[in-house]
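Number of protein chains: 2
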Amino acid sequence: MILKYRNSLVLIVFFLSLCTESTLAQKATWIWYPGDFEIWLGNRMQNRRTERGSFLPPFWKMDSHYVLIDFHKDFELSEAEVAELYVEGQYNVKIDGKSLFGYPDKISIPAGKHRISLKVFCQNNVPAIFVRGKKVISDSSWLVTFEDKEWIDQSGKASDQSGTSWLNAAAWNFDSPSSPPSAFKLAVKPQAAVKTERSGQSLMVDFGKETFGFLKLQGLKGKGTLGIYYGESREEALDTARCETLDKLHIGFDKKKDTIHTLTRAFRYVNIQMDPGMSLDSVSMLYEYLPVEDKGNFRCSDEEINRIYEVSKYTFHLNTREFFIDGIKRDRWIWSGDAYQSYLMNYYLLFDSASVTRTLLALRGKDPVTSHVNTIMDYTFYWFMGIHDYYEYTGDKTFIRQFYPRMKSLMDYCLARRNKDGMMEGMAGDWVFIDWADGLSKQGELSFEQLLLARSLETMATSAAIANDKVNAAHYNLLASELKKNIFGKYWNTDKQALVHSYVNGQQTNNVTRYANMFGIFFNYFNDTQKLAVKKHVLLNPSVQKITTPYMRFYELEALCAMGEQPYVLKEIKDYWGGMLKLGATSFWEEFDPGKKGTEHLAMYGRPFGKSLCHAWGASPIYLLGKYFLGVKPTSPGYGTYLAEPELAGLDWMEGTVPTPHGSVKLYCSKTEIRISGTEGTGTLRIKSKTKPLCKGAKIKALENHVFEIQIIRGGTHTIQYNL
Amino acid sequence: MILKYRNSLVLIVFFLSLCTESTLAQKATWIWYPGDFEIWLGNRMQNRRTERGSFLPPFWKMDSHYVLIDFHKDFELSEAEVAELYVEGQYNVKIDGKSLFGYPDKISIPAGKHRISLKVFCQNNVPAIFVRGKKVISDSSWLVTFEDKEWIDQSGKASDQSGTSWLNAAAWNFDSPSSPPSAFKLAVKPQAAVKTERSGQSLMVDFGKETFGFLKLQGLKGKGTLGIYYGESREEALDTARCETLDKLHIGFDKKKDTIHTLTRAFRYVNIQMDPGMSLDSVSMLYEYLPVEDKGNFRCSDEEINRIYEVSKYTFHLNTREFFIDGIKRDRWIWSGDAYQSYLMNYYLLFDSASVTRTLLALRGKDPVTSHVNTIMDYTFYWFMGIHDYYEYTGDKTFIRQFYPRMKSLMDYCLARRNKDGMMEGMAGDWVFIDWADGLSKQGELSFEQLLLARSLETMATSAAIANDKVNAAHYNLLASELKKNIFGKYWNTDKQALVHSYVNGQQTNNVTRYANMFGIFFNYFNDTQKLAVKKHVLLNPSVQKITTPYMRFYELEALCAMGEQPYVLKEIKDYWGGMLKLGATSFWEEFDPGKKGTEHLAMYGRPFGKSLCHAWGASPIYLLGKYFLGVKPTSPGYGTYLAEPELAGLDWMEGTVPTPHGSVKLYCSKTEIRISGTEGTGTLRIKSKTKPLCKGAKIKALENHVFEIQIIRGGTHTIQYNL
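Here the protein sequences line up with chains A and B, keeping their order.
The opening position of the first sequence corresponds to residue 4 in the working numbering, with each subsequent residue numbered one higher.
The opening position of the second sequence corresponds to residue 4 in the working numbering, with each subsequent residue numbered one higher.
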């Protein structure tokens, strides 16, 4: 009944969203040059970090928006109309190439065919326009240029005779003239503390769980300094000399006043220390968040898993902000490797494509490329892989077409940094990361980095084809297949039945690590024999160095799932994530080593509270449960076709929703019954059943080993009786 | 007497400037990342153009400053000190890598060796710092980076192990903490009108000569619209429907008020039209200017030439502003071809190197290069030639070293756009300009463009050597010599005894124009026979299409001077520039065709007042008189050695000063006596004399044809008796 109810709700939502779509087509919105708002907002976001009161900006090149942008669109009007103009910047307006006087806020356009052009200069913010007439409205069908005058058009860009590249304008959700992009703010809502302890001039405030936002001090009075020491743990808030974030307020209030801190902070506990004579009534906060809907869901018969799923969701929401960030306490930066996992989780919870593209664009910045993304070699490759998946899940070709030139220049940068053997090897200025792991060698040519490059080259091949750059599509395909051949030639060790970690001074090293081997599995680079060997000799081999970050646990468990080891993975999830919950976690951590004790869990980077206790990469159960337990994933771009391959893995039942670009797949699965419905695309349900499943009105195809496939008809609900 | 007096004055100024130099070494100044202030200011300056009340921005890519900059310097202090900090942007401060709390405005540095670092984020303005302690002061000895992480250091850049390029910080003259770069403004002084005519609700105000600044309306009262129509000519101001610039003021003043217009305008006449009921007491202005000293001078026995020189100076000053701009009425943009001539004039009047480098940097912008400078092929080459001359006149290697990467990437852009025969030919998006001239063909491979490329390649060869990029120095030298060989193979026509204009469809065209031929002369690309032939068959041949812009007259007259035709050139200057003066010019024009009549002189670009009557390129007599009449020019970079080769060209006497990097050369010359002194470098005076010249205590060397050379001793004054 619950599922049925939900189903009809989804249908209503779906129809509503269809209506919205058609209204949207006639709805004005703020528009700008693609990628520029993202870069501008990225600068703001990433320059908010402080460490113990000192501003701590990123250590890589930050780019800027183009300051001068030309916008235009051709309209054919059956009758004359008046359009209002709102502009961020200094501008001119032309109708059919003829300038209007001054800075008009309204224009009259006669009936007939007309070109409306605006040219906008804005140094501080992103040049942006909002045009609202009857038919003359600003949306992403407008064309924009920064007047590049580039004459080569091998990328499929719309170019005019002057050599100018015209792209489709970018837009997000700035649909009101009074809310321009420069005024962007996340939403806030008041949140009360759950407990406040007082002791002399000190207050210890507990918000009950990890949270994020603006601290509010109510009824503050007196003269002097007020120290605010934040803690993700109580220990951190108490340790005023070593907590990671703190603020100091110097005030002189004769009367009681409320203050709201101007910078957001992450905390559960807040320790307030006031000078003598100062007083404070209470402490609360404004919780800050990106208003974005949970389109995906997962529930099952195991309450611990359900709790893990809920805390994963909360962790993910806290880290889904202006961009997908790493963690809310410390960096609050956009790290490509961290973001990559958020993209994947997103496809199973929010399906908020705008958050993916915002993050990709902010990470990429602009040409010229002068370093790897975030200065990290692997993070450059995750950027490409993010586009690979984005296309697979959304089918959005426009994004790829518009940003193909930036993809190409970043790949040019990588290719120019290969060594004489065509392999990526760390050079001066490169950070080769892989994972936080003791003693992990970064020397020489690492198999892991070559694997990521190979997948990036495959992404480039697909993207070049979409951008109509046939020559380079072939070129990238060739490079990818040659590289894959070389990877196996260089790193596959038949004794060890695995890819070794590295190749140093012309020699294969002895070391086997999990990294390249697990990626090789879900990249599908191994043959079946190799896969089984790798599973045995690496993944399930306790003598291979263990992974202690949820970051790499993500891929390790994904590889195991891809090998059908869901029961094992379910146990691992319960142990590892359940382990954090048992220690009182209210959000998932940057790193968790079950072997550690007490406050050891709080330390990292040689600092007692260096570890983030709310890290995006801790939320991966969202992805694993959606993709490998509900088992739903696209098999062609944008869920044109998809597969649902539920794996109960010992659970009695599970149910959930996996969002798709314009709808969802809903699934309930027990050991005897499956109910499934999909609102778009052509789905295939693949299940094991001892006996032939029953499903009214559906085609059932029997494969080997008791596997059956049932076609899911768009819009319908299928109920299948089977026998696991 | 006058000269003697001047001499001692110059010496005093010179000693004063030496004192200032040594004080400067301990004087704090605002510093920033090289080139960034220039780009930021260029955006401001070039986005102020309006045409008949509509904003008219440039039509090429505008770049931005880097928003996040790291500054540092290592100090060794004998005693502890406190330094004040002033910062434009959000920042942190580190001493020896350790962050200080918050945003300190004072820091204490202990005695000993210490590294002071500041990292600054600023989106709206250029990140900039001002540090003032006893020894810890901000100046261009600090190092800066935008964290490029570029690992290649073939350009001689200081790079650290992380692959970061560190450049010397840039500074100009922001020597007070309260005058940061973002607050930059030109100077202003009040200027009264010379005549005001009233008629009903109209005023026609005459400022007596071309001027520039903020219009001030005194005692304005009433409600309604006030139209301001500016005119460089009376006709333009009166023609409210077609004047190039106008403003409208909508006011409602109960009491008399003064208003100052927020945008600067160029005008001599201002026509004010008020709605009924409005009143205005008077109109004046704030003249806006760059405070920069005339270090050069020229006077002679011909009063018309003196008047031409004075009006040239005024014209040049009006166009020497934030940057060297084209003209003050219309574009007010930085055009590389126009600026190139200003650089040259500058070396004979202001010797203000900061204006040259500001202009070069704003023109260049940043990578990636997506079009020619100002979108014009020839203007890219003038940019390189500007650096060629800058080095020749100033000897400044730091500028070349710091910006060599930007020179290289711009040259890469050019070289990638050569056709299959290695020649530059206009492609989509390229504007091939040369000159405003009727029917001038831009088709095919133009000899003029190849000549400019050759000189640009020579500049790259010199600059690569300075930047320690030996491989490319050799490469550019080879390219330049090959190109020069090809130019003569392709364009030299033995029948015509000249370079032809172009090569189209594999064929030399018939057309001979002046452009390539005159550049060939002063580039010294012809042999002596060719030079004489070109002079006869092109320069002095009236059947070759005449030049009507002072822009190309500049080079034509320079070529004739370089051939020793000063008497002819003097006559041409009197005819051409004197011709404008006879028509009442108070500044020199964008174009002058003596054949035109009345208001025809005001029209251009198909608009009745389209022509600029105050155009930088109109001021070239400054350069011609200094370089080819006083005859002073460097023969090694920065006046290490120089030549003075005075040419009276029929004048009874002339006298003047030519500035050098840190001093000047002063010269008086009649037909029987020369007095010369130089404050730096080793000079050679070369004169013709029927008899051996007399000069007490100087070495005199006799050459062929009654030519004598006399060595000028630094600091001394030489008086030479001779017999022209």
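If you're looking for bench data, these hints aren't it; they were derived computationally from the structure.
Any given hint could be a false lead.
In this list, chains with the same sequence are indistinguishable; a pair is considered to hold if it fits within one copy or across any two.
Here are the computed lysine-lysine pairs in the BS3-like style, where the Cα-Cα straight-line distance is at most 30 Å [what the hints assert, rightly or not]:
no., residue 1, residue 2
1, 224, 488
2, 259, 487
3, 198, 423
4, 97, 251
5, 109, 226
6, 411, 423
7, 423, 473
8, 101, 445
9, 445, 674
10, 534, 499
11, 487, 574
12, 704, 585
13, 226, 259
14, 577, 487
15, 109, 251
16, 411, 574
17, 226, 699
18, 259, 600
19, 97, 259
20, 224, 109
Quick check: which numbered hints come out false for this structure?
1, 2, 3, 9, 11, 12, 14, 16, 17, 18, 19
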